[in-house]
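2 protein chains.
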Amino acid sequence: VSAASPEDELWASVTPDAARRLLLAGLECFAAIGVDATTTRDISRRAGMSPAAMYTHYPSKADLLFRVSSTGHEAVWHAVEEALRTADAPPERVAAFVRAFTSWHARHHRFARVAQLEMRGLEPRARREVLDLRRLFQPVLETDIRRGIELGLLAPVDVTGTARALLSLGIDTARWYRPGGDDTPEGVGDLYAALALRMLGGSPLATP
Amino acid sequence: VSAASPEDELWASVTPDAARRLLLAGLECFAAIGVDATTTRDISRRAGMSPAAMYTHYPSKADLLFRVSSTGHEAVWHAVEEALRTADAPPERVAAFVRAFTSWHARHHRFARVAQLEMRGLEPRARREVLDLRRLFQPVLETDIRRGIELGLLAPVDVTGTARALLSLGIDTARWYRPGGDDTPEGVGDLYAALALRMLGGSPLATP
Numbered sequence: 023v024s025a026a027s028p029e030d031e032l033w034a035s036v037t038p039d040a041a042r043r044l045l046l047a048g049l050e051c052f053a054a055i056g057v058d059a060t061t062t063r064d065i066s067r068r069a070g071m072s073p074a075a076m077y078t079h080y081p082s083k084a085d086l087l088f089r090v091s092s093t094g095h096e097a098v099w100h101a102v103e104e105a106l107r108t109a110d111a112p113p114e115r116v117a118a119f120v121r122a123f124t125s126w127h128a129r130h131h132r133f134a135r136v137a138q139l140e141m142r143g144l145e146p147r148a149r150r151e152v153l154d155l156r157r158l159f160q161p162v163l164e165t166d167i168r169r170g171i172e173l174g175l176l177a178p179v180d181v182t183g184t185a186r187a188l189l190s191l192g193i194d195t196a197r198w199y200r201p202g203g204d205d206t207p208e209g210v211g212d213l214y215a216a217l218a219l220r221m222l223g224g225s226p227l228a229t230p
Numbered sequence: 023v024s025a026a027s028p029e030d031e032l033w034a035s036v037t038p039d040a041a042r043r044l045l046l047a048g049l050e051c052f053a054a055i056g057v058d059a060t061t062t063r064d065i066s067r068r069a070g071m072s073p074a075a076m077y078t079h080y081p082s083k084a085d086l087l088f089r090v091s092s093t094g095h096e097a098v099w100h101a102v103e104e105a106l107r108t109a110d111a112p113p114e115r116v117a118a119f120v121r122a123f124t125s126w127h128a129r130h131h132r133f134a135r136v137a138q139l140e141m142r143g144l145e146p147r148a149r150r151e152v153l154d155l156r157r158l159f160q161p162v163l164e165t166d167i168r169r170g171i172e173l174g175l176l177a178p179v180d181v182t183g184t185a186r187a188l189l190s191l192g193i194d195t196a197r198w199y200r201p202g203g204d205d206t207p208e209g210v211g212d213l214y215a216a217l218a219l220r221m222l223g224g225s226p227l228a229t230p
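Chains A and B supply the protein sequences, listed in that same order. As numbered in this note's numbering, residues 23 to 230 make up the first sequence, in order. As numbered in this note's numbering, residues 23 to 230 make up the second sequence, in order.
Among the clues, some could well be false.
[Unchecked claim] Covered by chain B, per the in silico footprint, the following chain A stretches (three or more residues, Cβ under 8 angstroms): (1) 53-67; (2) 207-215.
[Claimed, not checked] Beta-carbon label-pair distances, calculated as ranges: (3) Gly70/B to Ala177/A: 32 to 40 angstroms; (4) Ala54/A to Glu31/B: 31 to 39 angstroms; (5) Ala40/B to Glu208/A: 51 to 59 angstroms; (6) Leu155/B to Met141/A: 39 to 47 angstroms; (7) Ala59/B to Arg67/A: 21 to 29 angstroms; (8) Asp154/A to Gly209/B: 52 to 60 angstroms; (9) Ala54/A to Ala40/B: 19 to 27 angstroms; (10) Ala75/B to Ser35/A: 52 to 60 angstroms; (11) Pro73/B to Gly202/A: 28 to 36 angstroms; (12) Glu164/A to Thr206/B: 14 to 22 angstroms; (13) Ser82/B to Asp39/A: 52 to 60 angstroms; (14) Ala75/B to Arg67/A: 41 to 49 angstroms; (15) Glu96/A to Ala54/B: 24 to 32 angstroms.
FYI, nobody ran anything at the bench for these hints, they're computed from the structure. All of these numbers come straight from a predicted model, not from anything done at the bench. Here a beta-carbon is modelled for each residue, glycine too, at the ideal position from N, C-alpha and C.
Please build the complete structure, drawing on both the sequences and the hints.
This is how it looks when you write it as structure tokens:
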């Protein structure tokens, strides 16, 4: 794994280093063979430590999966929040949201696929926490779309259905996106932001 | 399983009845616990027959998975072909495609999730066959979008990226759709057909 991998960026702030390496090793194993087939021995070996050393940081495979999943969901939430910080008018905010959310899912496609596929590997309480994180996104998008319609800046649409479609487009990017092709995460993000404004009847040129 | 389940419809023409019941039992097991965890014994028991009787119809679990996946992909292809048969102008054809493709994925959400998640459970040759079926869709959509742009009926867009986005929206419906809520497969199909025409700058009222 190169120092510049998307997952290094994802967990850059996790300390100590051993805990960070275990998250990365866990994600790599889960992505390669699935959570069910992965043993704690596989993970610790890939992280270059003993199974006993792993338990110091994560008491179980399910706990490690929860930490992988929750930190990733927090990261996409922060990416969206950061993008919205400099956006003001509703069309601009919707475009900024879709651009950040989509490009994040393309960049972190490996993480996002694992998080999506392996929800059922989480303990019930961990699953609820991750679902709570996932539920943060739609209300923000709906509020901006609704405000845009009220201000006459966006066309009247099915707010819930359209917001869900925009999230769906971003999430599904992780399924098909592969690095090294013609598409960059930023390019897909820009395209989907433009498509979002078209869906909402806003001018595609209203945002930078 | 009630007689009116979407999977009964999917495999209505499969004979003999035992083969049809095995496809359904396989899908139910795969959806509940995944392909890896499912044994041929689980499948045959659920279909009400002996493991030996199952081998008469499907020589292995991988073969049954292939038959589940390929028949499903053929079914969505036929649904799209059927919808396009009565559509003529490019905007109408794009809307008909998106409507049929999306509502099919909502209706057959359980099948589509299994087919999506379990691609790696297929043997290489079976995997290629299913991938060939999956590749049929995008060129059809791209041709109609391109023709619509040439005729001045659709706005100039990134044809490949927009076609992929429309397929992505339809496919991802299977991830989030659950029957019994406020949404029907037809309702989601209609919404996404309208969003598609907006994305492409066509009039949302150009189709029935």
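Hint-by-hint comparison with the structure:
no., hint, verdict
1, 53-67, "holds (count 3)"
2, 207-215, "holds (count 3)"
3, Gly70/B to Ala177/A: 32 to 40 angstroms, "violated, 54 angstroms"
4, Ala54/A to Glu31/B: 31 to 39 angstroms, "holds, 36 angstroms"
5, Ala40/B to Glu208/A: 51 to 59 angstroms, "holds, 53 angstroms"
6, Leu155/B to Met141/A: 39 to 47 angstroms, "violated, 27 angstroms"
7, Ala59/B to Arg67/A: 21 to 29 angstroms, "holds, 24 angstroms"
8, Asp154/A to Gly209/B: 52 to 60 angstroms, "violated, 27 angstroms"
9, Ala54/A to Ala40/B: 19 to 27 angstroms, "violated, 37 angstroms"
10, Ala75/B to Ser35/A: 52 to 60 angstroms, "holds, 57 angstroms"
11, Pro73/B to Gly202/A: 28 to 36 angstroms, "violated, 44 angstroms"
12, Glu164/A to Thr206/B: 14 to 22 angstroms, "holds, 21 angstroms"
13, Ser82/B to Asp39/A: 52 to 60 angstroms, "violated, 45 angstroms"
14, Ala75/B to Arg67/A: 41 to 49 angstroms, "holds, 43 angstroms"
15, Glu96/A to Ala54/B: 24 to 32 angstroms, "holds, 31 angstroms"
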